[in-house]
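**Student:** Chain order of the listed sequences is A and B.
So for the first sequence, our numbering puts the first residue at 2; every next one is plus one.
So for the second sequence, our numbering puts the first residue at 2; every next one is plus one.
Just so you know, the hints here were simulated from the structure itself, not pulled from any lab data.
Careful, some of the hints might be misleading.
[What the hints assert, rightly or not] Just so you have them, the derived chain B footprint on chain A, three or more residues with Cβ under 8 Å: (1) 14 to 22; (2) 50 to 58; (3) 220 to 231.
The structure displayed is predicted, hence computed values, not measured ones.
Backbone N, C-alpha and C fix where the C-beta goes; we use that ideal spot for every residue, glycine too.
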Amino acid sequence: MIAHEAYEELAAGYALHALEPEDELVFLQHLAGCARCERALDAHRETAAHLAYGAGPASLPEGLLDRIRASVVAESGQDVFAGPGAEVVPLDVARERRRRRVSRPVAALAAAASLVVVALVGSNLALRQDRVAQLASSDRLAEAVHTLEDGPGRNVPLLDRQRRVAAVAVVQGDHVSLVVEGLAVNEPRTTYVLWEQARFGGLHAIATFDVRDGGVAVVRDLPLRSGSEGPAAFAITQEQGEAAPARPLVAPVASGAVQDA
Amino acid sequence: MSAPVVGPHEGLDDRALVSLVVEQDGQALEALYSRYGRPCLALARRILTDEQFAQDVVQEVFLTVWRDAARFDASRGAFSSWLLSMTHHKAVDVVRREENVRKRRASADLLDVREDDGPQVDEQVWSTLRRERLRESLQTLPDVQREALALAYYGGHTQREIAQLTATPLGTVKTRMLAGMRTLRGRLDGVQGDGAPLAEGARRPGVRP
Numbered sequence: 002m003i004a005h006e007a008y009e010e011l012a013a014g015y016a017l018h019a020l021e022p023e024d025e026l027v028f029l030q031h032l033a034g035c036a037r038c039e040r041a042l043d044a045h046r047e048t049a050a051h052l053a054y055g056a057g058p059a060s061l062p063e064g065l066l067d068r069i070r071a072s073v074v075a076e077s078g079q080d081v082f083a084g085p086g087a088e089v090v091p092l093d094v095a096r097e098r099r100r101r102r103v104s105r106p107v108a109a110l111a112a113a114a115s116l117v118v119v120a121l122v123g124s125n126l127a128l129r130q131d132r133v134a135q136l137a138s139s140d141r142l143a144e145a146v147h148t149l150e151d152g153p154g155r156n157v158p159l160l161d162r163q164r165r166v167a168a169v170a171v172v173q174g175d176h177v178s179l180v181v182e183g184l185a186v187n188e189p190r191t192t193y194v195l196w197e198q199a200r201f202g203g204l205h206a207i208a209t210f211d212v213r214d215g216g217v218a219v220v221r222d223l224p225l226r227s228g229s230e231g232p233a234a235f236a237i238t239q240e241q242g243e244a245a246p247a248r249p250l251v252a253p254v255a256s257g258a259v260q261d262a
Numbered sequence: 002m003s004a005p006v007v008g009p010h011e012g013l014d015d016r017a018l019v020s021l022v023v024e025q026d027g028q029a030l031e032a033l034y035s036r037y038g039r040p041c042l043a044l045a046r047r048i049l050t051d052e053q054f055a056q057d058v059v060q061e062v063f064l065t066v067w068r069d070a071a072r073f074d075a076s077r078g079a080f081s082s083w084l085l086s087m088t089h090h091k092a093v094d095v096v097r098r099e100e101n102v103r104k105r106r107a108s109a110d111l112l113d114v115r116e117d118d119g120p121q122v123d124e125q126v127w128s129t130l131r132r133e134r135l136r137e138s139l140q141t142l143p144d145v146q147r148e149a150l151a152l153a154y155y156g157g158h159t160q161r162e163i164a165q166l167t168a169t170p171l172g173t174v175k176t177r178m179l180a181g182m183r184t185l186r187g188r189l190d191g192v193q194g195d196g197a198p199l200a201e202g203a204r205r206p207g208v209r210p
């Protein structure tokens, strides 16, 4: 058991982008279920931003704004820098409008995301604690998704408290699919919730699912909410009720950090 | 030198500007660049010591703001902190990828808070005040804590690299870093973390409610 002070040390290192990959993995797995460390991390990020002002003054070079404009126009397909100022709306309203405009509504997607129970007969994986076995089992689980998807994805093993692979998240572009084998059958009136930890943002519930008798749960085609930066980690909690709460109310049953490619 | 962008959004606070960026308003992005492009570029330059890499990082940061402004969560901190954290992360990624950049820097060069490596005429009073406050706060830290923070933040070094560079046990580096961050937080508490930097002689626009 790691003392909590050690996680607070990791939070400071994470805010400074100074952790080794293995420490980052440990911290992100812990962060997914620790509101105290989330608050500490937010505070450290504010402090780190003050350090930025120690870098000294700078003048903006000719042409940099033009390069930014050009890259935005190229991406937008229209000149968004002309015309009168837009109506100022609250951030949450703006966020909702953009969500409706540039992507499908999350609620509808969540409903449309097919929760498929795939009977993988005889796939009783021998999960062992060593890394090789973890990767091997995660690869096997990921195959279940790859056979259902167009192309290969990035596998993120989610380990349970015994460090066994309980699920694999397969990130493909701006979507993720989840293959679960190794979680207990749902307790009555509970649901599993998949959480996405954004690299520069918050923790978001992106799916709810159940685990039934004798099967592997596959949750497909879930839209990621972390944008172009991609997710930093995933976690699964088992929550009371049928809907995802705004924040995790219990510790994760499995979690895993996204390793840099 | 680019002239500051003057537009219809100049007096808006950061949250209002971010809302407009979410609404695909390019002028709001220009206003954020006008407000924060300098500290972003200064930070990237400091870490990378390469003008082209630094400008590439800033371009990528503001393109990311354009794409992902909706991900900014005002309940978790100031927009400037989110933006500068992103800038730092991208710059550190580059410096770790480009070993030749790192080799050009002297460690000692990382340890000072810079005063005048850019034209003061283009500097903002508010940024200068923040820098002075930071310098005062850093000077209250024990040397070893200040060194650990500087090597990590400005040098882009990992904790293990800092342990090797300073011949210090890794656990001690971690402890020093946390202690330094906590002390700095206490010293800098109350320094405004969001809103528009002041142009000289200008009235400070509204910031977060």
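**Student:** For a quick check of understanding: which of the numbered hints are violated here, in increasing order?
**Tutor:** Hints that this structure does not satisfy do not exist here, as all of them hold.
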